[in-house]
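Asker: Spelled out from the first residue to the last, the chains are:
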Amino acid sequence: MSEEDEFELEPIEILELPLDAWHRDKGARMVEFAGYHMPIQYEGIMAEHIWTRENAGLFDVSHMGQLMLTGDGAAEALEALVPGDISALKEGKMRYSLLLAEDGGVLDDMMITAVPMGLYVVVNGAVKWDDMGYLREYLPDEITINNMEDRALLALQGPKAVDALKRVVPGVDALYFMEAGSFFWGPKTDPEPLWISRSGYTGEDGFEISVPATHAQKLADQLCAQPEVKPIGLGARDSLRLEAGLPLYGHDMNPELEPVEANAAFAISKRRRAEGGFAGSDRILNALANGPVRKLVGLSVDGKMPVREGAPIFAGEAQVGVITSGGFGPSVGAPIAMGYVDAAHNAVGTALEAEVRGKRVSVTVASLPFIPHHYHRKGANT
Amino acid sequence: MTRYFTEDHEWIDVDGDSATVGITHYAQSQLGDIVFAEVPAAGATLNKGGDAAVVESVKAASDVYAPVSGTVLEGNDALEGDPALVNSDPEGEGWFFKLTLSDSSELDSLMDAAAYQAFVDGL
Numbered sequence: 001m002s003e004e005d006e007f008e009l010e011p012i013e014i015l016e017l018p019l020d021a022w023h024r025d026k027g028a029r030m031v032e033f034a035g036y037h038m039p040i041q042y043e044g045i046m047a048e049h050i051w052t053r054e055n056a057g058l059f060d061v062s063h064m065g066q067l068m069l070t071g072d073g074a075a076e077a078l079e080a081l082v083p084g085d086i087s088a089l090k091e092g093k094m095r096y097s098l099l100l101a102e103d104g105g106v107l108d109d110m111m112i113t114a115v116p117m118g119l120y121v122v123v124n125g126a127v128k129w130d131d132m133g134y135l136r137e138y139l140p141d142e143i144t145i146n147n148m149e150d151r152a153l154l155a156l157q158g159p160k161a162v163d164a165l166k167r168v169v170p171g172v173d174a175l176y177f178m179e180a181g182s183f184f185w186g187p188k189t190d191p192e193p194l195w196i197s198r199s200g201y202t203g204e205d206g207f208e209i210s211v212p213a214t215h216a217q218k219l220a221d222q223l224c225a226q227p228e229v230k231p232i233g234l235g236a237r238d239s240l241r242l243e244a245g246l247p248l249y250g251h252d253m254n255p256e257l258e259p260v261e262a263n264a265a266f267a268i269s270k271r272r273r274a275e276g277g278f279a280g281s282d283r284i285l286n287a288l289a290n291g292p293v294r295k296l297v298g299l300s301v302d303g304k305m306p307v308r309e310g311a312p313i314f315a316g317e318a319q320v321g322v323i324t325s326g327g328f329g330p331s332v333g334a335p336i337a338m339g340y341v342d343a344a345h346n347a348v349g350t351a352l353e354a355e356v357r358g359k360r361v362s363v364t365v366a367s368l369p370f371i372p373h374h375y376h377r378k379g380a381n382t
Numbered sequence: 001m002t003r004y005f006t007e008d009h010e011w012i013d014v015d016g017d018s019a020t021v022g023i024t025h026y027a028q029s030q031l032g033d034i035v036f037a038e039v040p041a042a043g044a045t046l047n048k049g050g051d052a053a054v055v056e057s058v059k060a061a062s063d064v065y066a067p068v069s070g071t072v073l074e075g076n077d078a079l080e081g082d083p084a085l086v087n088s089d090p091e092g093e094g095w096f097f098k099l100t101l102s103d104s105s106e107l108d109s110l111m112d113a114a115a116y117q118a119f120v121d122g123l
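First to last, the sequence lines map onto chains X and W.
When we follow my numbering, the leftmost residue of the first sequence carries the number 1, and every step to the right adds one.
When we follow my numbering, the leftmost residue of the second sequence carries the number 1, and every step to the right adds one.
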């Protein structure tokens, strides 16, 4: 090898999910996403989207980071970096939260669950390595961060998800939305514990299942053998979450924006609002008190032409915002979008325009979600 | 009538000095569900390889390029009401526009059906 060769950059290796061969066998078209080869679609985004809204869809989200935080005082320590009341979280309960930079910018959004060992944290695949580095730097040395790379993560979403899953894993129907627990799966003589939460990213009822990677294919096969279940790709995952008004990190949220701007004020717990003491709390609590200068809102789009990420938003001649997610909503039957709009123009019902390929398109600030959530909430009638 | 193909997956049916342009079956299968198509207006001048139309699937917008230079005779208005025609009949009812050719020698650089099939097989 010559000296020059040492300075050539190796191409970044695209990683394989535990179910890579399984996806290809099911006819998936694979794309690169978050550093992994991932299934974008099987039979087609539209059909997969509608199937999930009416039945149950199985999503492989094993690219996401599954972290276990252990050590005395893990919850209190994590509270320095997130705005949620983590120390009050009871075992088996989960909370949506945000990883905050020192200036209050959003570094990631995440699900935090209190488990017997400590805290189980699911973070976005695209930024999981950055998250781990940041957590390691800012959490005390006594807190251990375990990246559970030996586990796959499957999401079963849709109104019939509970019917299908309880046949494969008895007892899961006892969970309510945002609850989680350990459930035995497989033969009574040699059961495998699965960590299952009633949560998801589609706006529908559903579950997320943490399973040892070695067992992921067997579980996926058993789930897809249920008449309600089909495998669903990333394409439909994106259109489902957009209709549900759920932000996609790196698009609808980024380190420049604090949580109130990102329409995630609900993730700032009451006690934390009163006490502060988290990264960027001065800036964030000021935005809560006085209103954010701009905010992530939903936008309904006139006509049929989709308005996509990056399109500028205008009130007359003045640019007042930008689209951060946009596309066609299969269940809405029309284009929909989300974007940041300045405070003076972001009330629901405000008529604005987006610019696409040099042409103006009428858009209207809409309340989120576009499609009502159908979560299985405790105390609800359904 | 002779059909030619481009490496950008357009087809063009040539009849004398006029032609019809669309995207191939392979192209629509790669794009997935088409939800919107924007076709050029009659009278528009197109340059070979330049932007001619837009096709949008659920997930992304893609350009359709002009296989040859010419002047648009008409766009396919049917795509406005039923963009899914591009999925169901890409090389028939799902055509994008008709044009008059300004330089028929530009056709020489395009592929015939056999060459295009070989090109797609190599992708």
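By construction, these hints were calculated from the structure, which means they are not laboratory data.
Any given hint could be a false lead.
[Unchecked claim] Keeping only pairs whose Cα atoms sit at most 25 Å apart, straight-line, the calculated DSS-like set for lysine-lysine is: (1) K270/X - K93/X; (2) K304/X - K98/W; (3) K359/X - K378/X; (4) K188/X - K26/X; (5) K359/X - K98/W; (6) K378/X - K90/X; (7) K166/X - K218/X; (8) K304/X - K26/X; (9) K48/W - K359/X.
Keep in mind it's a predicted model, so treat the numbers as computed, not measured.
Asker: Run the structure past the numbered hints and jot down the numbers of the failing ones, going up.
Answerer: Violated hints (numbers, rising): 3, 4 and 8; every other hint is consistent with the structure.
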